[in-house]
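Residue numbers (the UniProt record's numbering), protein chains in the order written: chain C, 1 to 362; chain S, 1 to 362; chain G, 1 to 362; chain L, 1 to 362.
Any given hint could turn out to be false.
Stated by the list, open to error - These stretches of chain G come out as covered by chain S in the derived footprint (C-beta under 8 Å, 3 or more residues):
(1) 111–124
(2) 345–359
Claimed, not checked - Cross-link-like lysine-lysine pairs, in silico, BS3-like; alpha carbons within 27 Å at most:
(3) K256(L) / K199(G)
(4) K199(C) / K318(C)
(5) K143(G) / K199(G)
(6) K199(S) / K75(S)
(7) K199(C) / K148(S)
(8) K256(S) / K148(S)
(9) K256(G) / K318(L)
(10) K75(L) / K256(G)
(11) K256(L) / K318(G)
(12) K318(C) / K256(S)
(13) K75(G) / K143(G)
(14) K318(L) / K199(L)
Treat the hints as calculated values from the structure; they're not laboratory data. Ideal Cβ placement from N, Cα and C applies to all residues, glycine included.
Protein chains: 4
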Amino acid sequence: MSGNSFGKLFTVTTFGESHGPALGCIVDGCPPGIELSEADLQQDLDRRKPGTSRHTTQRREPDQVRILSGVFEGKTTGTAIGLLIENTDQRSKDYSNIAETFRPAHADYVYTHKYGFRDYRGGGRSSARETAMRVAAGGIAKKFLEAKGIQVRGYLSQLGPVAINNENFDWDQIDQNPFFSPDAAAVSEMETYMDALRKEGNSVGAKISVVAQGVPVGLGEPIFDRIDADLAHALMSINAVKGVEIGDGFDVVSQKGTEHRDEMFPDGFGSNHAGGILGGITTGQDVVAHIALKPTSSLRLPGQSIDVHGNPIEVVTKGRHDPCVGIRATPIAEAMMAIVLMDHYLRNRAQNADVDCATPII
Amino acid sequence: MSGNSFGKLFTVTTFGESHGPALGCIVDGCPPGIELSEADLQQDLDRRKPGTSRHTTQRREPDQVRILSGVFEGKTTGTAIGLLIENTDQRSKDYSNIAETFRPAHADYVYTHKYGFRDYRGGGRSSARETAMRVAAGGIAKKFLEAKGIQVRGYLSQLGPVAINNENFDWDQIDQNPFFSPDAAAVSEMETYMDALRKEGNSVGAKISVVAQGVPVGLGEPIFDRIDADLAHALMSINAVKGVEIGDGFDVVSQKGTEHRDEMFPDGFGSNHAGGILGGITTGQDVVAHIALKPTSSLRLPGQSIDVHGNPIEVVTKGRHDPCVGIRATPIAEAMMAIVLMDHYLRNRAQNADVDCATPII
Amino acid sequence: MSGNSFGKLFTVTTFGESHGPALGCIVDGCPPGIELSEADLQQDLDRRKPGTSRHTTQRREPDQVRILSGVFEGKTTGTAIGLLIENTDQRSKDYSNIAETFRPAHADYVYTHKYGFRDYRGGGRSSARETAMRVAAGGIAKKFLEAKGIQVRGYLSQLGPVAINNENFDWDQIDQNPFFSPDAAAVSEMETYMDALRKEGNSVGAKISVVAQGVPVGLGEPIFDRIDADLAHALMSINAVKGVEIGDGFDVVSQKGTEHRDEMFPDGFGSNHAGGILGGITTGQDVVAHIALKPTSSLRLPGQSIDVHGNPIEVVTKGRHDPCVGIRATPIAEAMMAIVLMDHYLRNRAQNADVDCATPII
Amino acid sequence: MSGNSFGKLFTVTTFGESHGPALGCIVDGCPPGIELSEADLQQDLDRRKPGTSRHTTQRREPDQVRILSGVFEGKTTGTAIGLLIENTDQRSKDYSNIAETFRPAHADYVYTHKYGFRDYRGGGRSSARETAMRVAAGGIAKKFLEAKGIQVRGYLSQLGPVAINNENFDWDQIDQNPFFSPDAAAVSEMETYMDALRKEGNSVGAKISVVAQGVPVGLGEPIFDRIDADLAHALMSINAVKGVEIGDGFDVVSQKGTEHRDEMFPDGFGSNHAGGILGGITTGQDVVAHIALKPTSSLRLPGQSIDVHGNPIEVVTKGRHDPCVGIRATPIAEAMMAIVLMDHYLRNRAQNADVDCATPII
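Excised from the complex, chain C in its bound form (with noise of 0.2 Å):
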């Protein structure tokens, strides 16, 4: 496969350009009988959707999604659930301009040497705006998840230089802010920066993290299948993504065993440094994963680049970017976590149903 499909048991395919006429995915594997609404999906995407603040891209795309199949009589039927959103506001005059040209930090050169020519319209399939189709069925994964008692949620804990303060953290922030951030505290100084930046026409990377909750012991698969190894996947798969850690991540490269393992006691572990997985199967703590982001490569301040023909030219972005990618990943990577989730949840009821342990789960 071309690489437009993920998940094993639980698989999306997605198509799509940034300027075409509609975005769409295919998800195959999703359990029957799970009460299913266009409603249920919309959320998510109304949280990663463009132009709900001053803060990401002027764009405006309702991204209105439609089940066109897999749904009957409001429950999933089992069978494959196609998804579209059609693209409204492409202004694709934005990007003429740069049909010769590669823009730095882009995918302009890498795509016109693979493929021989590229959709320069928006960055065609390199666009993140894909990622509105992996939101839609992230939702359906967040669906089935809850029903299990299985929670996803991230927020933005860093923007910049701007780190939010873990004692100020709250889960209810996260929605009330343009920034997804759990520190409210936080928020003024995130604004102040990136008004700043706006105006100075540059743009800065972001550190985003993701937490699974309620997750049963025994999720992922030993060797090349373990659910850190496949979310690292996903993570690393959103565009603008540099880095991906589990738990303590980096910080492990420093620790002491004694400092780094997780106790065990009849009432639970006492620390959770591993981020919730342990010989990349899940522990029943919560899963804990963070990503970082770069900064938007679409700048208003000039660089130095060069045109088709290999002549060095000065490239200036202009047309509509988030100064920050990062403010809008969020829904993206609960998104993601979700599709992994599921997919190891239904993976590990295949081969393990029969199981029955007699060891005690603390």
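Use these hints to put chains S, G and L onto chain C, whose structure you have.
Quick look at chains S, G and L alone, frame taken from chain C:
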């Protein structure tokens, strides 16, 4: 699949437990006509094998690999390659005492709940011993890539608190010391640190870096099978890995767009913050990845845990263990990157063999 | 995956029910630079679509396909191709009466037990209407193959008791009659037979043959992905198919080795009993397959069955149905063979692009 | 993947050549806790192994299988099961004479052009010797299925011109004669036919049937992974198979709907023309499949062919061969059906474990 396979076109499937009769793997999808001998694979197996210095486990395993199929008259035939390594130094008695206990930070607890019981001999399938087969399979990928002018090499960039100094970086040093350190000056400090650590009975984490040179433009598929996503999957699937970075990794969080973007000039890129990957596709620059490995969980220092009946116990792990699993991880990380690159090399030519790009490659 | 995808490198994933709003599919893995328009795909869709003669269902569906992605400026981009066909003539009322009954020889009973309930509108996902998307996807494969000199064509070889006479075989006749018969002389007999059958309210089976010409030597993989095995999978997955033959098929049971073996001469093979495939790999001869399609299950003639409560009932199927589903199956069988050939064409060049064989091809 | 794997959740991957040091396979996805010993697998291996009667090849292979992983204290652990069979009786000299020739109806010619050269020892990877590993893997599936009340058995239904008489059908006879014939009365006729054939130096085809009993309703996925499509794939992938039928197979071509449809009654189906599969999903009736195997290509009777330089030659195959490969195919066909059923059993419970159907099963 239950996750013992990796790779879509160049597929590696492994089997074997730490203390079973043998480890093995099947390499499927290797092109025909490649000169291949057991000696080619033994080279990296010897770099990974235990007991080569006082800083790794004293278990003695020659890790002698046998090619059982897929090679005829010294050349690969294009059919499945079967590889086998017999286990020689098991010493099961070392482990008998932990049959009924869960060691903190080990997979004991999750395996028991996932499968109903577990092979407690040396960690069974969860042991890093399995990675010997990845190194063998990676050796085949390296052979193929070398013929295409692609070289994959790794090194230790940090051992616990001791980081290398990039000003002393020298590829030739890596195999001259027991740590795979490219910084000769850092070695004595590492020796001292490890000797103290061993006396203390503790363990420590490490950071490994892997670099591929000579990679052509265009490897990797958009969306879910981005080559960075597959690298993240492959590297996170290595035992003890808790974090993966591509290029600048988590540094991008606080970088501005002007700082991060790699400008392009007629004679090439001006920098490589992206780690040789844009939009999930190789740029032709060096592909750079870093991984964080947690400290070994098996310690002589007592830790709180529970037994299979849920009773509190104090665990002291005897037997032979690596005080820093990161040390031997360098050849494993190289192998996984080589497997990913070869897989995408084949995938790319499947889809794009007819592509003729008019644009000059910088 | 739950089975809505087919193909390893050229992957087709479909969605949609008989009476849902639309049918769709995603074609993943199509090489870039192939000229492709909706008209290219409409051609075969029109050959398959209902209501083109009195011998097929009178449901009126234009089956107008839209390309939603993956094509830019008239050429495939190498990214996912999204296809959509809106359903226009559903008439759900025709089916309301069977919501609580199981029709003999239909999937009603198995869907209900597998999924707990079913979309009873026109058979939902089990309807052969889904095959419209296969034909559309197959059209893309045909375009690719034609550029490589490979042509895939099918025909009706037997309709109930009426077999074609191979002495009258003429490829040009196939699209000149409503039966895809290559034997013009047999058409009037088929007309008469079908008219009587329709009056009787009964249905009948059929045999379809598919031939690929211009296939190079070497397509197909040994062992499980033999190209004949993939063809058998692809063809048996077509609604109503109960048998698949390659070359001489079941005639080989009573053949002797001297009779069956295709002798080889410097200027080529002396015969083609093997149907162009040896050891699961193409020989360069015509690839020949035959399939058997069962009679339509929906009949006006009453049959014994049960309702969802297990009570005995008599079923009479009203609504609009094909008295011989085999008639419209020819373009579907062509599409499936084209998809298999394209998939293996890509797989073969992925692994064997470097192969340079000194041996002359006969 | 290059096709050495089969099955999505219960995955079998094999390696090994006719005259290499060993054959092996990895069985991935087997649930834990199943009692499994080498003796369990040896049973069917002994039914398939050569040299058990004068009617099969006189090559002497004990086909002793070793379990190298995935089983601990007599039970499967849920991890990869590694199996190995050493080749003992190679006699490579028998084949040296054909290194430069292409035997008619063999894979010699296609392997050479696909891969550039070939392992000519006993057919290398194209030898049916590979199927020994399928039988071993199938033995694991049979063990799992038996615990679920599912039994898979095969038999020879026709040997060349000699068909069995169903009135004499007796399951208990099958292992009482060298042909796997359920009709004791036909055995002497088969003996006579085979003796004459062997004298003549010729070979003949055969028809094998496989039946699964106790199969629950609901195994199989709609669309491409219909269980009949997977069975067709699995059975057609067996060496020498040229045709696959489900239920009535090619007889359906001339059947009318009223004749073919299996009517349903409160106490069950009235017939089983469908072979236990509707819409690609099991009905709860016996699953019935038939395969056609071509005559062995290796004959003592001279045939026209070419050498690797394209020169005309006359080929006489010496060495030891089965005059009817069909005879030993029965356990292989059983193994492949068992693997497909187990794979779909696991897939079905992954997706539908929560399904609770109110409708009574007939």
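Verification of the hints:
1. Given a C-beta distance limit of less than 8 Å, the hint that chain S covers the stretch 111–124 of chain G is violated, as 0 residues qualify and 3 are needed.
2. Counting residues of the stretch 345–359 of chain G whose beta carbon lies closer than 8 Å to any beta carbon of chain S gives 9, which meets the minimum of three for the stated coverage.
3. With a CA separation close to 14 Å, the supplied pair K256(L) and K199(G) stays within the 27 Å bound.
4. For the hint pairing K199(C) with K318(C), the CA-to-CA distance comes to about 14 Å; that is within 27 Å, so the pair holds.
5. At roughly 40 Å between alpha-carbon atoms, K143(G) and K199(G) are farther apart than 27 Å, so this suggested pair is violated.
6. Annotation: proposed proximity of K199(S) to K75(S) is violated, straight-line Cα distance about 48 Å (limit 27 Å).
7. Of the pairs offered as hints, the one joining K199(C) and K148(S) is violated, with about 47 Å between alpha carbons and a cut-off of 27 Å exceeded.
8. For the proposed pair K256(S) and K148(S), the alpha carbon gap of about 36 Å is over 27 Å, so the pair is violated.
9. Distance hint between K256(G) and K318(L) is fulfilled; the C-alpha atoms sit about 18 Å from each other, no more than 27 Å.
10. Note on K75(L) and K256(G): the hinted pairing is violated, with a Cα-Cα distance of about 46 Å set against a maximum of 27 Å.
11. For the given pair, K256(L) sits about 18 Å from K318(G) by alpha-carbon distance, which is consistent with the 27 Å threshold.
12. Straight-line distance between C-alpha atoms of K318(C) and K256(S) comes to about 18 Å, which keeps the hinted pair within the 27 Å bound.
13. Between K75(G) and K143(G) the CA atoms are separated by roughly 12 Å; this keeps the pair inside 27 Å, and the hint holds.
14. Straight-line distance between C-alpha atoms of K318(L) and K199(L) comes to about 14 Å, which keeps the hinted pair within the 27 Å bound.
When held up to the earlier numbered hints, the structure conflicts with 1, 5, 6, 7, 8 and 10 and fits the remainder.
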